[in-house]
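Residue numbers (our numbering), protein chains in the order written: chain A, 120 to 551; chain B, 120 to 551.
It is worth saying that the hints were derived from the structure and are not from the lab.
Any given hint could turn out to be false.
If several chains are the same, the list does not tell them apart, and a pair holds so long as it fits within one copy or across any two.
[Unchecked claim] Below, a list of computed lysine to any residue pairs in the SDA-like style, where the Cα atoms sit at most 25 Å apart:
#1 207 x 542
#2 387 x 268
#3 341 x 388
#4 207 x 158
#5 213 x 142
#6 286 x 221
#7 395 x 357
#8 207 x 152
#9 213 x 158
#10 207 x 156
#11 362 x 333
#12 207 x 539
#13 138 x 426
#14 137 x 214
#15 341 x 392
Protein chains: 2
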Amino acid sequence: MVPHLVTALNGPLLDLEKKILNATPAIERWFRLEWQEHTPPFYCSVDLRNAGFKLAPVDTNLYPAGFNNLAPEMLPLAVQAAMAAIEKYCPDAKNLLLIPETNNRSSFYLQNIARMIQIFRQTGLNVRLGSLSDDIKTPTPIDLPDGSTLTLEPLERSANGRRLGLKNFDPCTILLNDDLSAGIPAILENLNEQTLLPPLHAGWALRRKSNHFSAYDDVVKKFAKMNDIDAWMLNPYFAKCGKVDFKDHSGEEALAAQVDALLTKIRKKYREYGIKETPFVIIKADAGTYGMGIMTVKDGSEVKDMTAKQRSRMAVVKDGHEVTDVIIQEGVHTFERINDSVAEPVVMMIDRYVVGGYYRVHADRDINENLNAPGAHFVPLAFAQQHSLPDMHAKPGTTAPNRFYLYGVVARLALLAASIELEKTDPNPEVY
Amino acid sequence: MVPHLVTALNGPLLDLEKKILNATPAIERWFRLEWQEHTPPFYCSVDLRNAGFKLAPVDTNLYPAGFNNLAPEMLPLAVQAAMAAIEKYCPDAKNLLLIPETNNRSSFYLQNIARMIQIFRQTGLNVRLGSLSDDIKTPTPIDLPDGSTLTLEPLERSANGRRLGLKNFDPCTILLNDDLSAGIPAILENLNEQTLLPPLHAGWALRRKSNHFSAYDDVVKKFAKMNDIDAWMLNPYFAKCGKVDFKDHSGEEALAAQVDALLTKIRKKYREYGIKETPFVIIKADAGTYGMGIMTVKDGSEVKDMTAKQRSRMAVVKDGHEVTDVIIQEGVHTFERINDSVAEPVVMMIDRYVVGGYYRVHADRDINENLNAPGAHFVPLAFAQQHSLPDMHAKPGTTAPNRFYLYGVVARLALLAASIELEKTDPNPEVY
Numbered sequence: 120m121v122p123h124l125v126t127a128l129n130g131p132l133l134d135l136e137k138k139i140l141n142a143t144p145a146i147e148r149w150f151r152l153e154w155q156e157h158t159p160p161f162y163c164s165v166d167l168r169n170a171g172f173k174l175a176p177v178d179t180n181l182y183p184a185g186f187n188n189l190a191p192e193m194l195p196l197a198v199q200a201a202m203a204a205i206e207k208y209c210p211d212a213k214n215l216l217l218i219p220e221t222n223n224r225s226s227f228y229l230q231n232i233a234r235m236i237q238i239f240r241q242t243g244l245n246v247r248l249g250s251l252s253d254d255i256k257t258p259t260p261i262d263l264p265d266g267s268t269l270t271l272e273p274l275e276r277s278a279n280g281r282r283l284g285l286k287n288f289d290p291c292t293i294l295l296n297d298d299l300s301a302g303i304p305a306i307l308e309n310l311n312e313q314t315l316l317p318p319l320h321a322g323w324a325l326r327r328k329s330n331h332f333s334a335y336d337d338v339v340k341k342f343a344k345m346n347d348i349d350a351w352m353l354n355p356y357f358a359k360c361g362k363v364d365f366k367d368h369s370g371e372e373a374l375a376a377q378v379d380a381l382l383t384k385i386r387k388k389y390r391e392y393g394i395k396e397t398p399f400v401i402i403k404a405d406a407g408t409y410g411m412g413i414m415t416v417k418d419g420s421e422v423k424d425m426t427a428k429q430r431s432r433m434a435v436v437k438d439g440h441e442v443t444d445v446i447i448q449e450g451v452h453t454f455e456r457i458n459d460s461v462a463e464p465v466v467m468m469i470d471r472y473v474v475g476g477y478y479r480v481h482a483d484r485d486i487n488e489n490l491n492a493p494g495a496h497f498v499p500l501a502f503a504q505q506h507s508l509p510d511m512h513a514k515p516g517t518t519a520p521n522r523f524y525l526y527g528v529v530a531r532l533a534l535l536a537a538s539i540e541l542e543k544t545d546p547n548p549e550v551y
Numbered sequence: 120m121v122p123h124l125v126t127a128l129n130g131p132l133l134d135l136e137k138k139i140l141n142a143t144p145a146i147e148r149w150f151r152l153e154w155q156e157h158t159p160p161f162y163c164s165v166d167l168r169n170a171g172f173k174l175a176p177v178d179t180n181l182y183p184a185g186f187n188n189l190a191p192e193m194l195p196l197a198v199q200a201a202m203a204a205i206e207k208y209c210p211d212a213k214n215l216l217l218i219p220e221t222n223n224r225s226s227f228y229l230q231n232i233a234r235m236i237q238i239f240r241q242t243g244l245n246v247r248l249g250s251l252s253d254d255i256k257t258p259t260p261i262d263l264p265d266g267s268t269l270t271l272e273p274l275e276r277s278a279n280g281r282r283l284g285l286k287n288f289d290p291c292t293i294l295l296n297d298d299l300s301a302g303i304p305a306i307l308e309n310l311n312e313q314t315l316l317p318p319l320h321a322g323w324a325l326r327r328k329s330n331h332f333s334a335y336d337d338v339v340k341k342f343a344k345m346n347d348i349d350a351w352m353l354n355p356y357f358a359k360c361g362k363v364d365f366k367d368h369s370g371e372e373a374l375a376a377q378v379d380a381l382l383t384k385i386r387k388k389y390r391e392y393g394i395k396e397t398p399f400v401i402i403k404a405d406a407g408t409y410g411m412g413i414m415t416v417k418d419g420s421e422v423k424d425m426t427a428k429q430r431s432r433m434a435v436v437k438d439g440h441e442v443t444d445v446i447i448q449e450g451v452h453t454f455e456r457i458n459d460s461v462a463e464p465v466v467m468m469i470d471r472y473v474v475g476g477y478y479r480v481h482a483d484r485d486i487n488e489n490l491n492a493p494g495a496h497f498v499p500l501a502f503a504q505q506h507s508l509p510d511m512h513a514k515p516g517t518t519a520p521n522r523f524y525l526y527g528v529v530a531r532l533a534l535l536a537a538s539i540e541l542e543k544t545d546p547n548p549e550v551y
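Produce the entire structure from the sequences given, and follow the hints as far as they go.
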């Protein structure tokens with residue numbers, strides 16, 4: 120099943136699909152050469168928005184969940200990609216320590232962890248789960264809805280303090296699935312003998328969205344030039360705004376002015392392409408995730424007219440951290456629908472391979488709202504299995520494989536941007 | 120559907136499956152480390168024989184056909200593996216020239232070529248077909264049963280003589296699917312600017328089975344030691360015998376003696392494991408393929424008592440080349456059956472990945488005969504898709520995924536042997 124595009128691909132995006140399908144050999148070659156220069160993150164998921172006239176990534180998650188939402192037929196593909204990733208980072212690995220999100224006991228999330236364990240076991244690794252939570256003092260079984268059980272075990276540093284593991288389990292590789300919004304736990308620091316994936320600076324304790332989207336700007340500029348397309352088709356405008364305090368109103372004037380400036384730029388593009396929608400921007404925290412501290416705005420004045428409730432929602436993200444730096448990002452309408460519900464595609468990648476995807480389908484939200492909101496009711500819908508294989512003979516804009524191929528290309532642009540972002544922000548860059 | 124094992128896995132092989140499943144992390148790690156040292160052939164298929172008490176590769180094909188026999192669900196896996204292979208050999212490739220077998224117009228073979236084109240197109244390469252045949256002087260369309268068309272084009276060397284391509288098509292990579300039994304065509308020689316895969320010395324003009332099985336001996340010895348198993352369980356005994364002329368009977372005495380010596384070794388092993396079958400050996404040409412020049416023998420005297428017809432069949436292999444060197448290989452009974460027909464598994468690999476497999480099912484042949492005979496009626500049966508993913512919780516010997524995993528391990532041992540064989544026989548080895 121493929122979501123119905125409310126505005127069937129037309130005009131600019133239809134043209135984009137044509138160009139990208141025709142340029143497949145050049146595009147794949149370009150990616151191959153970029154991956155010679157840049158190392159992709161170990162794993163990654165990218166949230167996309169398809170406005171019919173524009174297709175863009177809005178979130179690049181370096182601690183992806185949702186592997187349980189993939190079609191079971193995709194599992195061998197994920198295993199093969201994981202084999203390639205393991206081979207690159209730690210060919211001599213036997214034991215993999217997986218650290219799930221600290222306090223997430225949602226059964227959906229736990230099923231994601233169970234699926235990840237399955238994938239990595241099938242690459243031939245011994246996999247066990249370590250918990251960052253202080254509450255886990257002994258091996259703690261957690262029952263899953265399907266009747267299986269996960270066991271969380273307390274993390275421990277080795278006697279000499281140099282390695283991290285579990286009781287009777289010394290891993291070569293540690294795979295983190297907690298985004299470190301709460302800061303970097305001391306137990307994860309100074310692990311020089313083991314491979315910690317992703318590296319600590321990929322976590323929200325240090326990561327900034329503005330660095331990512333700035334890297335994405337550069338990647339898309341190059342890609343657009345190569346394919347003779349307008350980079351804006353794949354790239355939401357954004358601006359960074361520092362020193363905002365939503366509680367005491369300081370910095371609000373500057374934020375409102377930046378919002379208006381961005382809206383003016385978007386309106387110009389809408390006129391150029393004859394787009395009748397109302398432009399909007401998203402204001403979100405530069406650090407952090409989880410759908411908190413996110414606001415949809417259609418005019419700079421809305422920033423100044425925020426209610427006390429809106430202010431306190433914007434002022435704090437996950438784990439109580441205060442927002443002072445925000446980014447303003449061009450909003451991308453989502454025009455995909457399943458049974459009248461808004462659908463947002465999520466593309467999952469391991470190493471440099473697209474291993475599948477699913478739709479986040481939301482019954483109660485509007486086209487210009489964030490679909491990844493707390494408590495959001497969403498239905499995962501696995502991409503059809505042939506997602507990664509374009510159908511070269513089909514009419515552009517008509518087939519699921521081609522739409523998924525396009526999604527895979529854009530998601531990989533975001534993946535490449537994440538690689539470059541992590542290189543640039545590496546506190547201990549390797550010098551050659 | 121999975122072939123029924125006539126002799127359900129029992130005794131030694133059941134024990135082997137147990138050991139191999141339990142050792143999966145160590146085995147996968149070992150393969151990862153071996154692939155750091157050795158480069159796998161670009162693609163490869165391995166014919167296996169499962170005797171219930173013994174599981175062994177009997178043929179390692181470096182110009183595999185049969186991609187059309189894979190389950191369509193496996194296609195994304197093949198594409199992803201091909202992406203990894205292309206990335207390794209020629210990341211900057213855009214054009215791939217595929218050279219099919221020169222005079223094979225069987226519709227099965229052509230469907231294999233069509234499937235290969237599909238796989239490589241979907242990695243993002245432009246793929247065209249070049250023919251080694253002198254009869255192809257202009258682009259020649261060939262209709263396939265499914266209504267599609269392949270176009271064979273004449274090969275041409277560039278004006279300066281340094282590159283090989285087609286009219287208006289300059290490939291970075293040339294993928295050969297002809298095994299060069301007829302010798303090395305001049306047009307393929309001295310291609311120093313392009314990547315020719317596999318290299319010329321992988322073809323039967325230069326390749327020798329004895330080199331392969333000698334490399335396999337070493338690989339299996341290492342693997343068996345690591346897993347505490349008897350290497351014989353995975354390895355047919357073999358001996359090489361040179362200077363045999365079937366026409367004038369010279370060398371036959373020595374051959375008969377070697378046959379008897381090998382049979383004695385096998386009988387000893389059969390006694391050790393309480394195997395009641397009658398041992399046999401296969402005599403085949405050291406160079407060449409295609410099921411010609413192959414003979415099943417249960418006693419040395421049979422060599423001397425060959426009929427004139429048998430002699431002339433043994434004396435010549437494909438393309439009329441004379442046999443002078445032969446190998447004697449321990450015969451492995453095949454005890455897999457589908458509807459009373461003998462079934463022989465074939466495992467397909469691209470780069471270091473198992474991408475699927477199928478059964479060669481033969482209605483008219485016996486358990487100790489070669490199933491890859493000219494004109495053989497065979498029915499391909501695709502492996503179930505989850506072939507590469509063992510089911511760790513299943514009882515040993517009972518599940519298809521576990522049998523396929525075991526097959527994948529043994530096929531990769533043969534793949535590793537082929538890598539080492541090609542390194543050792545490289546006429547222009549790279550020096551580090």
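Each hint tested on the structure:
| no. | hint | result |
| --- | --- | --- |
| 1 | 207 x 542 | both (17 Å within a copy, 23 Å between copies) |
| 2 | 387 x 268 | neither (55 Å within a copy, 49 Å between copies) |
| 3 | 341 x 388 | within (20 Å within a copy, 65 Å between copies) |
| 4 | 207 x 158 | both (10 Å within a copy, 15 Å between copies) |
| 5 | 213 x 142 | between (40 Å within a copy, 10 Å between copies) |
| 6 | 286 x 221 | within (19 Å within a copy, 61 Å between copies) |
| 7 | 395 x 357 | within (21 Å within a copy, 77 Å between copies) |
| 8 | 207 x 152 | both (17 Å within a copy, 11 Å between copies) |
| 9 | 213 x 158 | both (22 Å within a copy, 22 Å between copies) |
| 10 | 207 x 156 | both (14 Å within a copy, 14 Å between copies) |
| 11 | 362 x 333 | within (19 Å within a copy, 71 Å between copies) |
| 12 | 207 x 539 | both (18 Å within a copy, 21 Å between copies) |
| 13 | 138 x 426 | neither (46 Å within a copy, 66 Å between copies) |
| 14 | 137 x 214 | between (45 Å within a copy, 20 Å between copies) |
| 15 | 341 x 392 | within (22 Å within a copy, 65 Å between copies) |
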